[in-house]
Structures are given as C-alpha cells and as structure tokens.
Amino acid sequence: MMYPVQTLLYYPGCSIKRDFIVVERTSKAVLEALGYKLVEINNWYCCGGFPGVTLSEHSKYVSSLRTLTMAQMQARELGTDTVVTLCPFCYNTLKQGEQLRSIKPDLYTRVASYLRDEFTPYQGGLRVVHFVELLYSKLSDLAKLSEGRLKGIRVAPYYGCMLLRPKSIALDNPDNPEIIERILRPLGAEPVKYPYRTYCCGSFHTLGEPEIVKRNTSKIASSITSSGASITVTPCPLCLYNLRVNTNLRVLHLSEIVAYALNLRDFLDEESFKILSTLRGEI
Amino acid sequence: MAGLKLNPRELREYIKEYTGREVSACMQCGLCTAVCPVASFMDLHPAALVRAVQVREVDLAKLKSIWVCVSCMTCVDKCPRDVAPGLVVETLRQIALKSGIEPRTYSQLLIDETTPSILLVTYSRKSTG
Ligand code: SF4
Ligand code: SF4
Numbered sequence: 003m004m005y006p007v008q009t010l011l012y013y014p015g016c017s018i019k020r021d022f023i024v025v026e027r028t029s030k031a032v033l034e035a036l037g038y039k040l041v042e043i044n045n046w047y048c049c050g051g052f053p054g055v056t057l058s059e060h061s062k063y064v065s066s067l068r069t070l071t072m073a074q075m076q077a078r079e080l081g082t083d084t085v086v087t088l089c090p091f092c093y094n095t096l097k098q099g100e101q102l103r104s105i106k107p108d109l110y111t112r113v114a115s116y117l118r119d120e121f122t123p124y125q126g127g128l129r130v131v132h133f134v135e136l137l138y139s140k141l142s143d144l145a146k147l148s149e150g151r152l153k154g155i156r157v158a159p160y161y162g163c164m165l166l167r168p169k170s171i172a173l174d175n176p177d178n179p180e181i182i183e184r185i186l187r188p189l190g191a192e193p194v195k196y197p198y199r200t201y202c203c204g205s206f207h208t209l210g211e212p213e214i215v216k217r218n219t220s221k222i223a224s225s226i227t228s229s230g231a232s233i234t235v236t237p238c239p240l241c242l243y244n245l246r247v248n249t250n251l252r253v254l255h256l257s258e259i260v261a262y263a264l265n266l267r268d269f270l271d272e273e274s275f276k277i278l279s280t281l282r283g284e285i
Numbered sequence: 006m007a008g009l010k011l012n013p014r015e016l017r018e019y020i021k022e023y024t025g026r027e028v029s030a031c032m033q034c035g036l037c038t039a040v041c042p043v044a045s046f047m048d049l050h051p052a053a054l055v056r057a058v059q060v061r062e063v064d065l066a067k068l069k070s071i072w073v074c075v076s077c078m079t080c081v082d083k084c085p086r087d088v089a090p091g092l093v094v095e096t097l098r099q100i101a102l103k104s105g106i107e108p109r110t111y112s113q114l115l116i117d118e119t120t121p122s123i124l125l126v127t128y129s130r131k132s133t134g
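As you go down the protein sequences, you meet chains A and B in turn.
Each residue of the first sequence is one higher than the one before, counting from 3 in this note's numbering.
Each residue of the second sequence is one higher than the one before, counting from 6 in this note's numbering.
Source of the hints: derived by calculation from the structure; they are not laboratory data.
As the structure is a prediction and not an experimental result, all values here were calculated from the model.
A couple of the hints might just be wrong.
[Said to hold, decoys possible] Selected chain B positions facing chain A (Cβ under 10 angstroms, derived; list incomplete):
#1 Cys34
#2 Cys41
#3 Ser45
#4 Lys103
Idealized CB from N, CA, C, for every residue including glycine.
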C-alpha cells in the first residue's frame, strides 16, 4: 500500500445501490487506490431526494439527521469523522442536514427531538464530503497512478445543480466551477469549458413533463457538441440518465473515466471500457 | 378543485415566517427569471410570481409554476435582494399540498423498469410532500 489507509464512512443512497451499482464499484476502486477504505453506514436511510421538495421546513431534515445520528455512532467506533457520498442529491441533503445545528439551532432542536426517544441525536462534528472532493485532494496521486492515460481526450464535465446550489453547500464556485476540470487534467485529459455546464438538465420532470427535460438536455448537448468534446462526464446519476435518454452524447459517470485512467479495468462495464478504449485509440 | 385564494398580506407574513425572506423587498429586476432553467414552462415566471404575491390574490389551485420549479436554487443564490423566489415557490407548493391540491396522479407518470429510483423519490416527494 502506497499510503496510510484512511477510513471513511460511506453513504450510498438509493440510486447508486439500485440503478448505478457501477458507480459504487468504480468509485470504491478509485478511492481504495488513493488510500481510502470505505465502510458503509449501518442502517442508512433514504436521504429524501433533496430539501426543496418536502412538505414542511422540519421534514426537510428528518431523514438526513437520522442518517447522521447513525453515522456518528459508527464514526466513533471507527475513529473517523468523514462521511463520503457518491450521489450529489445525497451530498446536498446530508450536507444541509449537517449544517442545520449551527445555522438554525431552534429547528435542529425540534427535529432532534423526534429522534431522542431512540438515540442521542447527531451532535455535530462530522464532515460530509462528495467523491469529487476526495479526488481533488489527491491530484498528484492521480497524476502518478494514471501516468496521464487520458492524454489528448477532450472531455466535457457536466456539473448539474446539486453540488453547487444553494451556495451554502457549494463545493466550488457555483458560477464558474473548475473542480472537475482540475481532476481531469492530471489524468492527461483536456477538459473543455462550455456555457451550459451548470444548467439544470430538467431533473425529475422526466416522469411527468418530459418536454422540459428534452428542451434543457438539448441545450446542454448542443453546447457540448460545439465545444468539440468527444465525451461528457458527470458526477450525478440523474443527470447521467437524463442526458443518455434524451441526447446522442456519449456520457459516463466521472468515476468510470477516473477508474479507466487508473487502469482499474475489472471494475468497469464492458460498454464504458469500449467507449474509452476506442477514444484512446483514436487520439 | 375549487380555487384556493390567499390573501396577499397573510401570505406574505406566512412566507416571511417560513423562509425568513421579505417578498416586499423585490425590485423586479428580473434576474431570477433570467437564470431560471424552466421559466419558459411556467405560467407565472419567478419575478412575476413574486410580484403577484406582493400585490394580489394568488389562486394556488390554478398556479402551474409551483409544480414546474425544480428547486435548483439558482434564483435563490442570485437574487440581489435576498428574496429567494425558489423558496417562495416552495412555500406556495407546500400550502397547496397541505390543502389537498395534487399536480397529477401516479398512473399518469412515465415510469418503466429502467426509471432510476432518484427520479421516483424526487418526483413523488415533490408531488406529495
Ligand atoms: S431576482 Fe430578486 S429582486 Fe430581482 S425580480 Fe427576482 S425576486 Fe425580485
Ligand atoms: S429554484 Fe425554481 S424558480 Fe428558482 S431558478 Fe430554480 S427552477 Fe427556477
């Protein structure tokens, strides 16, 4: 092992487990190669989607505080203070839940009182991070391990909303984010910038008003096409799904391209492996 | 569904209590509408909705914008007067849901076995609270 291993608590969420298990597989493989060990939180609960869609102010935080309560007990046993999420929706929700205690103490007290019968409610002190932030903290290792394997590949990073808004949880400048570009460069890739990289894909309207998603994804797609990128990567499973279903873009999850760059072939789907190998051959 | 009309003054107070924001501070600059990724699908775009809440009765049974908004928070972060139109929309949607107004029934949703659960969770939560 190249590095001392750092243990992290891992919160998977519904879509990663049910629909995008390849994201878990590749993200875990990448993080292990970078010296992290992921331990799944016992008894994790659905994050609830995201705080904007709930029925009341306090119901926004019940599920995230419940998960953080469980996480805190386990974190003490494991000697870690970090919870890593792979899905931007989960990141957004858990991060806002984590901040509640310091930002709105009265509301925290009320929500915590729902949990008090069972457990000691979350007391603060955990760090909720997204996969992207962990990659960003290991740029020189990414360069070393990948040996610039993605050399010459023009990649369009698509951010979506949930890692950047509201600004209280933003993991980079929401108006002009660069964090994914900075992760791609040490891998040898050439990230391209294009106007619509943080424009909402239309989100859940796929189920009820698909024309909204069609309109928004087609704006994003033409913006990407004119940027000259040969592949699009996103950290969000919902954006990934919407872009794949509605456009002709080749879209991968960020964890897949990073796993490929680090030569972790066994963890990739055949399809993604082929796409990336073909691209590499074309350069 | 019968109309659900709310008195503007009471509504503004409710919004203030709920979001901590003052709709009366809106100067109608239109920035929220300009940055909203779904404004063109709304009946009242964000700035118009805030204006409506400032000055007149709003019929929540008819208002489509509250179901179109995806809570992307772009307008919330951008508003120079801290009005946070997205949170105003959220408050109105909650009042509508609590009053029994539903945007559409489950049988109308476009679901198949490939639909990711994140879509089901967010859409159904938004339509039911
Ligand atoms: S951005 Fe703010 S001040 Fe400007 S129109 Fe919208 S709500 Fe009003
Ligand atoms: S939060 Fe709603 S109203 Fe505001 S920009 Fe996003 S979709 Fe538009």
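Hint by hint, here is what the structure shows:
1. Because the closest C-beta pair between B/Cys34 and chain A is about 17 angstroms apart, greater than 10 angstroms, the hint is violated.
2. For B/Cys41, the shortest C-beta to C-beta distance to chain A is roughly 9 angstroms, which falls under 10 angstroms, so the interface hint holds.
3. For the restraint placing B/Ser45 at the interface with chain A, the shortest Cβ-Cβ distance is roughly 8 angstroms, inside the 10 angstroms limit, so the hint holds.
4. With a least beta-carbon distance of about 7 angstroms to chain A, the hint placing B/Lys103 at the interface is held under the 10 angstroms criterion.
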